[in-house]
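Engineer: Sequence:
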Amino acid sequence: MKPRATFRGVVLRTAVPRPVPRPAAPAPGPARVRVAREVAGRGGKGVSVIRGLPLGQDALEELATRLKRLCGAGGAVRNGAIEIQGEHRDRLVAELTRLGYEAKRAGG
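The opening residue of the sequence shown carries number 1421 in the numbering used here; numbering runs sequentially from there.
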């Protein structure tokens, strides 16, 4: 019988190598950056959500910090999208366009 690794009496599972997820290949054309307003799951509080940015996690965090400072609001990066608290779509589209992204307002 093979000895099992334990830690304080608890049997540890053996490490199974997991496949490394590859990021999806970006579209060959320009990125479709959309700035939308969402209230779902936030108790009626609206947030401006920026989706479609072709950036890595670190670059998204850096851009989110810059945009939060511009709007004077809080926010977060979740699931590859930047969320800025409040209704700031026009200001965000203007700043993203100035930075060289083809940003559009989405929704009403």
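Do not take every clue at face value.
So the derived label-pair ranges between C-beta atoms look like this [as the list claims (entries may be wrong)]: (1) G1492 / V1459: 45 to 53 Å; (2) R1486 / G1463: 23 to 31 Å; (3) N1499 / G1520: 36 to 44 Å; (4) G1494 / R1452: 47 to 55 Å; (5) G1527 / G1494: 19 to 27 Å; (6) T1426 / R1525: 51 to 59 Å; (7) R1428 / D1510: 37 to 45 Å; (8) A1493 / R1428: 43 to 51 Å.
Just so you know, these hints were derived from the structure itself, not from any lab. Note that the Cβ used here is the ideal one computed from N, Cα and C, for glycine as well.
Engineer: All the hints need checking, so say for each whether the structure fits it.
Structural biologist: Evaluation of the provided hints:
1. G1492 / V1459: 45 to 53 Å: Between G1492 and V1459, where Cβ atoms are some 20 Å apart, the hint is violated.
2. R1486 / G1463: 23 to 31 Å: holds, 27 Å
3. N1499 / G1520: 36 to 44 Å: violated, 24 Å
4. G1494 / R1452: 47 to 55 Å: violated, 26 Å
5. G1527 / G1494: 19 to 27 Å: holds, 21 Å
6. T1426 / R1525: 51 to 59 Å: Because 57 Å falls inside the window, the suggested range holds.
7. R1428 / D1510: 37 to 45 Å: violated, 57 Å
8. A1493 / R1428: 43 to 51 Å: holds, 46 Å
Checked against the numbered hints listed earlier, the structure breaks hints 1, 3, 4, 7; every other hint is satisfied.
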